[in-house]
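Protein chains: 2
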Amino acid sequence: MDEFISLSYGSGGKKTSRLIDEILLPALSNSSLSQLGDGALLKVSEDIAFSTDSYVIDPYIFPGGNIGKLSVCGTVNDLLMCGSIPKYLSLSLIIEEGFPTEKLKEVIDSVSIMAKASGVQIVTGDTKVVDRGHGHGIFINTAGIGERVKGISYGKENIRTGDMVILSGSCGNHGVSILNAREKLIETEILSDCAVLMEAAEVMFHYGNKVRILRDPTRGGVATTLNEFTENTPYTIEIQEDKVPVDGEIRTACELLGLDPLYSANEGKFLAIVDPGIAFEAVEALRKLGICKNASVIGEVTELMPSKVLIKGVLGGRRILDKLSYDMLPRIC
Amino acid sequence: MDEFISLSYGSGGKKTSRLIDEILLPALSNSSLSQLGDGALLKVSEDIAFSTDSYVIDPYIFPGGNIGKLSVCGTVNDLLMCGSIPKYLSLSLIIEEGFPTEKLKEVIDSVSIMAKASGVQIVTGDTKVVDRGHGHGIFINTAGIGERVKGISYGKENIRTGDMVILSGSCGNHGVSILNAREKLIETEILSDCAVLMEAAEVMFHYGNKVRILRDPTRGGVATTLNEFTENTPYTIEIQEDKVPVDGEIRTACELLGLDPLYSANEGKFLAIVDPGIAFEAVEALRKLGICKNASVIGEVTELMPSKVLIKGVLGGRRILDKLSYDMLPRIC
Chain A
1 MDEFISLSYG
11 SGGKKTSRLI
21 DEILLPALSN
31 SSLSQLGDGA
41 LLKVSEDIAF
51 STDSYVIDPY
61 IFPGGNIGKL
71 SVCGTVNDLL
81 MCGSIPKYLS
91 LSLIIEEGFP
101 TEKLKEVIDS
111 VSIMAKASGV
121 QIVTGDTKVV
131 DRGHGHGIFI
141 NTAGIGERVK
151 GISYGKENIR
161 TGDMVILSGS
171 CGNHGVSILN
181 AREKLIETEI
191 LSDCAVLMEA
201 AEVMFHYGNK
211 VRILRDPTRG
221 GVATTLNEFT
231 ENTPYTIEIQ
241 EDKVPVDGEI
251 RTACELLGLD
261 PLYSANEGKF
271 LAIVDPGIAF
281 EAVEALRKLG
291 ICKNASVIGE
301 VTELMPSKVL
311 IKGVLGGRRI
321 LDKLSYDMLP
331 RIC
Chain B
1 MDEFISLSYG
11 SGGKKTSRLI
21 DEILLPALSN
31 SSLSQLGDGA
41 LLKVSEDIAF
51 STDSYVIDPY
61 IFPGGNIGKL
71 SVCGTVNDLL
81 MCGSIPKYLS
91 LSLIIEEGFP
101 TEKLKEVIDS
111 VSIMAKASGV
121 QIVTGDTKVV
131 DRGHGHGIFI
141 NTAGIGERVK
151 GISYGKENIR
161 TGDMVILSGS
171 CGNHGVSILN
181 AREKLIETEI
191 LSDCAVLMEA
201 AEVMFHYGNK
211 VRILRDPTRG
221 GVATTLNEFT
231 ENTPYTIEIQ
241 EDKVPVDGEI
251 RTACELLGLD
261 PLYSANEGKF
271 LAIVDPGIAF
281 EAVEALRKLG
291 ICKNASVIGE
301 VTELMPSKVL
311 IKGVLGGRRI
321 LDKLSYDMLP
331 RIC
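If you read the protein sequences in the order shown, they are chains A and B. According to the working numbering, the first sequence is numbered sequentially starting from 1. According to the working numbering, the second sequence is numbered sequentially starting from 1.
Source of the hints: derived by calculation from the structure; they are not laboratory data. Owing to the predicted nature of the structure, the values given are computational and were not obtained by experimental measurement. Some clues are possibly wrong.
One copy or two, it doesn't matter: identical chains are merged, so the pair holds either way.
[As the list claims (entries may be wrong)] List of simulated lysine to aspartate or glutamate pairs, DMTMM-like, C-alpha gap at most 20 Å:
(1) K43 / E147
(2) K156 / D21
(3) K14 / E231
(4) K150 / E46
(5) K14 / E228
Working from the sequences, and respecting the hints, build out all of it.
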């Protein structure tokens, strides 16, 4: 392999084969991928979930992860949020000409580590190289297939008055981490929360349809995801400001950087709307997992203002918490 | 919608919702996509094929198609080549800031038209916007799921001595079309062969395992795909130069542009290795379809030089036809 990726690595010819044989297959090898056909042949259950995301994060290596780790975590988490066990991923790379081969190895190693940790196989893929100045280092797309857990059917149509809102941990870390990595406004490194939610989702699967809906508040943060839950429904979500877990350093950084943790992206957290009867028990179970140690009930479902999300401040005042409507931070995932 | 796509359309907030509601859903709507969850919930048969490709073609609108048409045809064809009936696609967009909204509509309309023509549904997706100078107009990733046709198991391990090689139509059109669209070396427009191979593949499915393997010769062209068939096998593929169908205008353009049609990409053709007993019958059946009117038996499987592809010229001499090893043309798909 050359020291830098040139256009010929994306030509479909000999150099593409070398890239596959020397970097991709050694890290990701499994029986499906190794056949290198036009696609992978798989056995799955009849009920599946199918999800995709393209990752264009800048910088592609950030405190707590890199684009390879993120591209597995993101799609695996989306499949979990659908109530499915992630099984298979595709991996498609768009590399800018001149990208260092060593960095590509680093990114692919992270893909490999996270895939193993999540119990998924990378079964098919694609590599394209774009000319210098027409990409940005590396973009990655993953698509994934999960097998649906029997007896679970998440969806906002299940939400009803009295349900409670769980946030699985402190919010805003990923967005703040990326902004700080980019702008270097604060000297201390702020870690992204980028993580696979497998164990945490399994805790929730245990409660069957007493969990109404799960979703990971990535772009747009907690506020935007809560609005997606109430949009076009007769319900209101009311959250209590002082119940929303925010890490001390994130709170400080948000004040300095002019960010709102409720709109800042997360990559290792979920929101759940649940039957009130299981809310506190579920939170207790979640807290036993390292990445959910700050899991909390942050609010409830009411009918006060249909389709709206309200936040109650510590002094008792209520205000509407709208969807993200401006560019807080582009290219965070 | 604004006249041009700005970064906020990729923020996950209100503008992302507008882009989805005003452009994507009206063109692509179906019950799975409309739920806009983290993924689509699908019912499939137990044996599936799974494939992905990212499309970075330059220019994104070309004679005979655009990146939207290509991104459906390419993945649908890959699923067909696996011996499966394409059912579901994901669609993920990476748009460069400043991309004209009208062009985005045009691309998405093509996605919609080709998806309908192929009988597939776009069930899940993602939109990212990258800052100006860090992308190139629009990149698209599609991943697809197909249901395997019972009784078919394609693979190079099925190939045996005496098998025949079918090319489903004239070769080299897509690559030549794109080079000419980019460099404008020849005044007449040369059309890409970009097309869905559904009907043509169904002809081949009819012959069960008498078809050993199917593959569409995209990047690297016919020569590279034939080499993929023989690589690491004891077999040789010998093709006859005068049997390879090449359109007159492609032949002329190749001479002018310094291209070799055998290495030039195709986006609506396949190569098949088949039992000699069905080869000519299959070609007759293929020729009844418009896009396969030039289908031909172009060679056979021998054991003359293990793992190599040989081409016999009209004067009888044989030479080795290697894999593509240099950059004939970057970003053709």
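Is it within, between, both or neither when you check K14 against E228 at 20 Å Cα-Cα?
-> between (47 Å within a copy, 11 Å between copies)
Alpha-carbon proximity context of K150 and E46, limit 20 Å = This pair counts as both: shortest intra-copy Cα distance 11 Å, inter-copy 16 Å.
Intra/inter-copy verdict for K14 and E231 if alpha-carbon distance must be at most 20 Å | So K14 and E231 pass the 20 Å test across copies only (12 Å; inside, 51 Å).
Copy assignment of K156 with D21, given that the CA separation must stay at most 20 Å = between (45 Å within a copy, 18 Å between copies)
Homo-oligomer pair classification [E147, K43; C-alpha up to 20 Å] = Both ways: K43 and E147 sit 11 Å apart in one copy and 10 Å across, limit 20 Å.
In this structure, every one of the numbered hints holds.
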